[in-house]
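Visitor: Residues per chain, in single letters:
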Amino acid sequence: MIVARIQPPAEMVHWWFATGFLVLGLLLLAEAVVGEEVWARRPWRRYLWPGFVFAMGILMFPVMTFFTSSTIHMVAHGTWAQVMLFAGGAELAVARGKLHSPRWRLCSAAALAVSGVAFLVHEQNDWLFSRAAFLHHVLGWTVLVCAVFPLVQAFRPRSTAAALGFAATFLVVAVLLYCDRDTAPIFGHLSYEAGVPHR
Amino acid sequence: MRARLRGVLALAALAALAAPASALAHATLVRESPSLRERLERSPGRVVLAFDQSVDAVRDSIVVLDGRGRNVAGPARAVKAERALVASLPRTLPAGAYTIRWRALSSDGHVASGVSTFGVRHAAPPVTDAVGAQGPTRAEDVVRWLYFVALALSVGGIGFRLLVVRGPLPPRAERRFYWLTGIGAVGALEVGILAFLLRAEDALQLPLVDFLYGDLSSLANGTRFGEAFIAMTLGYALVIALLYLAWLTERRVLLWGAFAVGLAFASGLSLSGHSAADAGRSWLSELADWAHLAAATLWVGGLVQLLAVVWPAAPALRREAFLGFSRLATVLVALLVAAGTYLSVRRFPHVHDLWRTGYGHVLLVKLALVALALAWGAAHRFLAAPRLAREGGATTLGARLGRSLLGESALAMAVLLLAAVLVDSKPPPRPAPQPPAAAQPPGR
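Each protein sequence line maps, in turn, to chains A and S. Residue numbers for the first sequence follow this note's numbering, beginning at 16 and rising by one. Residue numbers for the second sequence follow this note's numbering, beginning at 3 and rising by one.
Just so you know, the hints here were simulated from the structure itself, not pulled from any lab data. Bear in mind the structure is a predicted one, so any value in this text is a computation, not a measurement. No residue lacks a Cβ here, since even glycine has one placed at the ideal position from N, Cα and C. It is possible that part of the hints are untrue.
Claimed, not checked - So the derived label-pair ranges between C-beta atoms look like this:
#1 S/L196 - A/V132: 14 to 24 Å
#2 A/P58 - S/L289: 22 to 32 Å
#3 A/D141 - S/L286: 32 to 42 Å
#4 A/L135 - S/T397: 55 to 65 Å
#5 S/A141 - A/H115: 37 to 47 Å
#6 A/R60 - S/A381: 51 to 61 Å
#7 A/R60 - S/R392: 51 to 61 Å
#8 A/F170 - S/D62: 50 to 60 Å
#9 S/R70 - A/V190: 29 to 39 Å
#10 S/A381 - A/V136: 51 to 61 Å
#11 S/L165 - A/Q22: 37 to 47 Å
#12 A/V136 - S/G69: 36 to 46 Å
Next comes chain S alone, as it looks inside the complex (with noise of 0.2 Å):
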């Protein structure tokens, strides 16, 4: 009895793995009409949507809305034949943003979801400005600093490392240098996935089960911020991989590798955010928020590695660590307030919008919290640098320090934070241009 159970259950293994089953994935959407984001002089007449595998219709499978979130498409039906679901559109539709929202039902019995937009006779928006997305949230504002503070702590630190502390450390010291960088670049890998997938929460609008198989490629591939994701995480899996081999073969040169690639792909953030989405945007802009996180980042991991591996764990390098990182910190301040000055010029239309708008309260505050941090940092530099260089760091004076630095720390992170509140902040709209004034007839 048993050998035949045996048996039957061998027989039904060999069949489900002979037996055309759908692919291991769910149901996937292969192509779509009206395309993403695809703008259109006429109404497209139907939706289209095809997928891997056949699929079938629930209820509210395909809604177009208009601007104004009204539905505006037939109801959905299943194409076998197609593979696809389909929904009419009515003949005429009204110049506008239009937001696809789809389910399907695979055979595999889950729902797949997803978002798409196109535009009639203008722009459509990416998904993340779909109808019904709320925009960033204070979740995602905190995850945006964290992910500051991990750029800081990896690129920041190694960067201190090679520019500020260039021979050996001792080994607790060295240790401890590994560690926070490791944490900062493994923190950037995670928190990019959590911010990405916090921001797909947000497009497609779906309770937890159904954005389990919700369909992300749409943000993924249609918009600056998932083409930024893609691009961030496959950097940061490389700063992982040489810093990890760094650590191993103890070759400073995979170090470099890792600063290099680190910087580079912080891009990224510039690539995808005001500097590069809103309107006077250039490349000179994006290079100036490039440079501006780049000083940011190494200021502050630059400040972390003194408070937290130079100071407790290689006390005789306190003098020449201080006194190079000052040296390197007037340069990033100097890049900081050059990058920062610019920016605010170019997204502040008019003076009076930094104290008449939300964005530009909270960029007073942090203006207020950087001319703090310059002033310490000034401190820093003219008052207990040349007593540091006459004394030491082995002295009261370098227990003083400690605690100093700790507090320009912590104010450093605050300066990041409202940073992250302003990247994910509306600036000011620009006001519309002048239409060409008519033409004056002459001798007028």
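One chain only, chain A, in its complex shape (with noise of 0.2 Å):
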């Protein structure tokens, strides 16, 4: 009964995620383009993003256990914050030295496919079926593919593009979560002619 109460409308928790997203792929994206050498010159600027993806798995448990409408958004949500706090801990203790192969860079790229085989799982209409229907399978593929960025620096820990990739990939995760929901100011409604909104 509190828990209705207090929740917050679901387009917000996803703009605050996309958000996080956001500030996520501008700090991989400032990494790769100073190089990891420039970066690491400030010994805390290592656990910057590792930190953050943890941060971000820890909180999206209560978005698993707060928004119960459906048994297939619980199960999915509660797969993204798993695979968060797991690709976050491992990188962060890459970061701390607790860790040393660069290897363990895998358990971002299993974190991505999961999570990609998430999204599609999820959705199972077309892809133009609606406007969710089409983002679902945007971040799914996309998420899916990108996997590979980490997969690659696992083995070529220096590759810059590979590095941009990992980057661009939450950036764009970012775009398509402030897309969700048809009530959301960017992508929205464009025109009334679009049609009659369902909420």
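Combine the two chains into a complex, taking the hints into account.
Guide: Dropping the structure here:
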């Protein structure tokens, strides 16, 4: 009962996470542009983006538990919470020096692959059935295909192209999440001629 | 040609983004009348289910079942202007509890489903007791047992590290400690989700495909079980984070945080179980239940840590750890027995319920196993501990004690299994209160 009263609208939560992914993408982009050596001159900067992923994983758990309007949504959000926790944890441990092999970047690749599959399984309509369906497909395939970037980084840690691709993945995810919901101001109702909104 | 195709696809994509589509989610129930678990004095006349987007009615869109499982609602219809489904009810309804089962066709083609309850001059039950729900199954007993094991591994393991083996551990033992407690904490989270889904499946009574789009909010927000699920999931996500950060930063204070949060959120089981939901509940019964659970968790978790961490990976610490755990176990067993006795007295209105009811039979078997485990523990405390104190852990006695710890741990796991069966079973009903005696005429 209390939960229902304090629950924010779902679109807002999507935008909060979009903002999180935007910050994450920008941090990764900055690291890719200046290079790892320059980025690591301030030791705290090494923890920035992995810590961000880890924290977003923790924050996804309330989304899973408070938004229980359908089983499939609950399970999908639970999956995203856990993969972010897992990938962020592995990257933090590498940054801290607790883990040493660059192969640990495979955790991020696995996390992206699982997240993409969760998006695609989650949506069972065709691409152009609705905007929601379109976004699910775009998000799913983007995240799934972009798992190749951390995969490359696991074997070629100095690849700038892979680092830029990894950063761009989160920027794209952020933009797509901002597009969620028909009340969203970005890519929202461009014209009343588009039809009567459902909400 | 190819450029044209690309242009068409790009336009289609833009149109899909710009078009007023349904929300990213499927149709979501935003308001219902009667509301979940509402108690009414008379028939509400109709059932109204309002959604966040327009929906269509399907066959049996709204079914209102009385206590005998008969549908008392008329056919449902969609009211587009209100984005609602509406079904009429008889003007008069007999007093009793009613279950609403609904199905709505979302604009994305998926059928959303849900369950709710209300009462007419009668308390409405939680959806876990809705008409059609069967109650906990054997699978749920196993899941509950796994939950107890996970709590023991995580909270009990951390407690052992903080209260018994306080000094540094050899690296191999330290790794094992974090692996075991980490598995426990992640297990508590996963098993909690599984338990919630199993209970939801029973309440909703849907085939798998429909269950995927089933509305779980009436279970999550309208039952103690659901609220405990929310609290414990969030609590154990925090335990995982603190445990991980303790490993990462090697800061012991974070382990204390994980231990405190884990112990505190274990109370979710007590606040949603018999001690909180059944007749005769009180804050004392909830506290006793939590103390019983916490003591059992620490006892079993400590045994597992002795067996899987100290014995194989830190032989030099065997003596210190065993003696320290023996002292702690004495306190835990006292707490366990005191709280368990109090709870048994509260739950059994009559002594004969012990051998006349199924709940009593399971409790008797559990008590027998607990007695055996206590005798085993006493042998460790009074026979093995003094010898170990004299001879040290790296002897034949140490090896034999390792096997003995394995036996005691296995017994403890069996006790947890029976505890899980008890939690999922109904205790014997309490006798109805006697009506006050009629006033006696004076002089008689």
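Visitor: State for each hint whether it applies.
Guide: Hints, one by one, checked against the model:
For the pair S/L196 and A/V132, the beta carbons lie near 20 Å from each other, so the given range of 14 to 24 Å is met. Between A/P58 and S/L289 the Cβ separation comes to about 47 Å, which falls outside the hinted range of 22 to 32 Å. A beta carbon spacing of about 59 Å between A/D141 and S/L286 contradicts the range 32 to 42 Å that was offered as a hint. A C-beta distance of roughly 60 Å is found between A/L135 and S/T397, which places it inside the suggested range of 55 to 65 Å.
At about 42 Å, the beta-carbon gap between S/A141 and A/H115 stays in the expected band of 37 to 47 Å. Between A/R60 and S/A381, the C-beta spacing of about 57 Å keeps the proposed range 51 to 61 Å intact. Evaluation of the 51 to 61 Å hint for A/R60 and S/R392 yields a pass: the beta carbon distance comes to about 56 Å. Separated by about 56 Å at the C-beta atoms, A/F170 and S/D62 satisfy the suggested range of 50 to 60 Å.
Checked against the hint of 29 to 39 Å, the C-beta distance between S/R70 and A/V190 comes to roughly 55 Å, which is inconsistent with it. Take S/A381 and A/V136: their Cβ atoms lie about 54 Å apart, and the range 51 to 61 Å holds. As the Cβ distance of S/L165 to A/Q22 is approximately 39 Å, the hint placing it in 37 to 47 Å holds. About 39 Å separates the C-beta atoms of A/V136 and S/G69, a value consistent with the hinted range of 36 to 46 Å.
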